[in-house]
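Assemble the complex: chain A is given as a structure, and chain B must be docked to it using the hints.
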Amino acid sequence: MSVLEVQNLTVELGGRTALADIQLSIDSGELVGLVGPNGAGKTTLLRSIMGLLPARTGRVLVDGRPTRPGRAQLGYVPQRTEFAWDFPISVENVVMTGRTGLLGLGRRPAEKDWSAVGDALDRVRMDQLRHRPIGELSGGQRQRVLVARALALEPAVLLLDEPFTGLDMPTQELLGDLFVSLAREGRAVLMTTHDLAAALYSCDRLALLNRSIVAVGTPGQLRDPVLWMDTFGVSATSPLLRILTAV
Amino acid sequence: MSLTDFLTDLFNPDLAFLPKALLIAVMSSIVCGVIGSYVVLRGMAFIGDAVAHAVFPGLAVAFVVSGNLIVGGTIAGVLTAVLVAVFSQNRRLKEDSIIGVFFVAAFALGIVIISQAPGYAGSLQQFLFGSITGIPDEDLYVVGGTGILILGTAFALHKEFVAITLDREMARAMGLRVFWLDIVLYVLVTLAVVISVQTIGNILVLALLITPAATARLLTDRLGAMMATAPAIGGASALIGLYISWSWDLPVGGTIVLVLTAIFLLAWTLAPRHGVLGRILRRGPRTPEPAQ
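In the order they appear, the protein sequences are chains A and B.
So in our numbering, spot 218 of the first sequence is number 218, and the numbers just go up one at a time.
So in our numbering, spot 256 of the second sequence is number 256, and the numbers just go up one at a time.
Just chain A, same shape as in the assembly (with noise of 0.2 Å):
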């Protein structure tokens, strides 16, 4: 059964249609990729999926159950730059933010929630720098704390939005196998970037999104150029496609 399942989504932004009737399923212990140009409504999709944003038709469930913010099991990964890297506070102390809406007002963290928190430190293996300040580290590693934090709800869905910008190729390597085997441990995982060739390689199943889904599948069964020529809206002769019969 799949554990993430959006229905005939359709979003406006702004008084115009940024996502066009999304049919998209993901089943537990599977990595998806979205990929899509710039503006492709990649991120709109994830932040409608968190419920950030309003439908206009449509609906998003997770284990069959309409999402609400801080109801769903839903672990969000954003985009590094929309952190406040500066704030004086330790490694551990952020992924337990993670849990301030499963805590609600005036509670502190118990035990169990320094335990989630511990477990989603070990799983990224930052466990080791849990006391040192976010500041201090490096685009990977926050990037993992990122992650943890998401971990720390124990969530059965992730979502990662571009978790590779800006970041070398061992990193880069690192956080892949990361994600794949967060997913085979029975998340759902979603995941948008820009990297195609990554994505081609370790994703189970492609989604190819500009403004309406283009098409889902295996990266065997995406072979066609034609699919990638309409989603990113490239010429024949384009450097993307050879990257297809490269993978």
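Simulated from the structure, these hints should not be mistaken for laboratory data.
Among the hints, a few may not be true.
Derived, one-sided and incomplete: chain B residues facing chain A with beta-carbon distance under 10 Å [unchecked claim]:
| hint | residue |
| --- | --- |
| 1 | K94 |
| 2 | D96 |
| 3 | S97 |
| 4 | K159 |
| 5 | L166 |
| 6 | A171 |
| 7 | R172 |
| 8 | A225 |
Where a beta carbon is used, it is the ideal one built from N, C-alpha and C, also for glycine.
Just chain B now, kept in the frame of chain A:
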């Protein structure tokens, strides 16, 4: 004047206003230090400035109708803060433009209102630059009570304030009421400003909010330490500032702010990790910034 003379004056019954002023200055500096930490970390110094100016029409109305200054200032400040929060929901205009519109308008209103009071020049000066005389006894209780209320609220909502500062989008996704938390924080800033205006004055009150917290930020990378250091710096500066101002007959608000600024400059030069001197001694032009 020696410290002993200052202490003698403090306990001189003819100078009863002096210990009252000291108590109020220290209490309000402590409260401002804690609330200012949120202001500095959120980069909303401009909002602090706006609220500080926005309490002015309320003070003016209270003065004209002989009402309580703290109540009047709070109403005006909170009203402006709420207007800013509501108007900034419109994404076409950035928050700082909204603030720019409202805080000058509030200040203008205050000037128009207070001009209606006879002999307003003297009271205007008192509002703008603060004064240590003429503080009624009940203000001690009002400032103390309000201070405890402010600190209690901040303590109760601390983890929510941290979460919305770190990542508003994520906070919203977790189901936090970001808009209402913003309003509460603005109200806390307003109250902290209002209880401080009496001694330090409307123009300089921003320093009490920003400078101790900014100084503390230079000295530590831990939030808890920062929120303990800032009120300590504020309280100590209020004490030292009042002492200097009493000894040399200087305006109290200005003196306290100059003491705060001196401590800030010291920290900026000598702070163990982030200070300029430390960097030079470590033989690098700058410590390398961690990769984004």
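Hints, verified against the model:
The criterion of a C-beta within 10 Å of any C-beta in chain A is not met by K94 (chain B), whose closest approach is roughly 17 Å, and the hint is violated. For D96 (chain B), the interface hint is violated, the least distance from its beta-carbon to any beta-carbon of chain A being 17 Å, above 10 Å. For the restraint placing S97 (chain B) at the interface with chain A, the shortest Cβ-Cβ distance is roughly 19 Å, beyond the 10 Å limit, so the hint is violated. Taking 10 Å as the C-beta cut-off, the interface hint given for K159 (chain B) holds, the closest approach to chain A being about 5 Å.
Below 10 Å, beta-carbon pairs count as interface contacts, and L166 (chain B) has one with chain A at about 5 Å; its hint therefore holds. Satisfaction of the interface hint for A171 (chain B) is found here, the shortest Cβ-Cβ separation to chain A being roughly 7 Å, below the 10 Å cut-off. Given hint, R172 (chain B) at the interface with chain A, holds; its Cβ is 6 Å from that chain's nearest Cβ, closer than 10 Å. Because the beta carbon of A225 (chain B) sits about 8 Å from the nearest beta carbon in chain A, less than 10 Å, this interface hint is met.
Of the numbered hints listed earlier, those contradicted by the structure are 1, 2 and 3.
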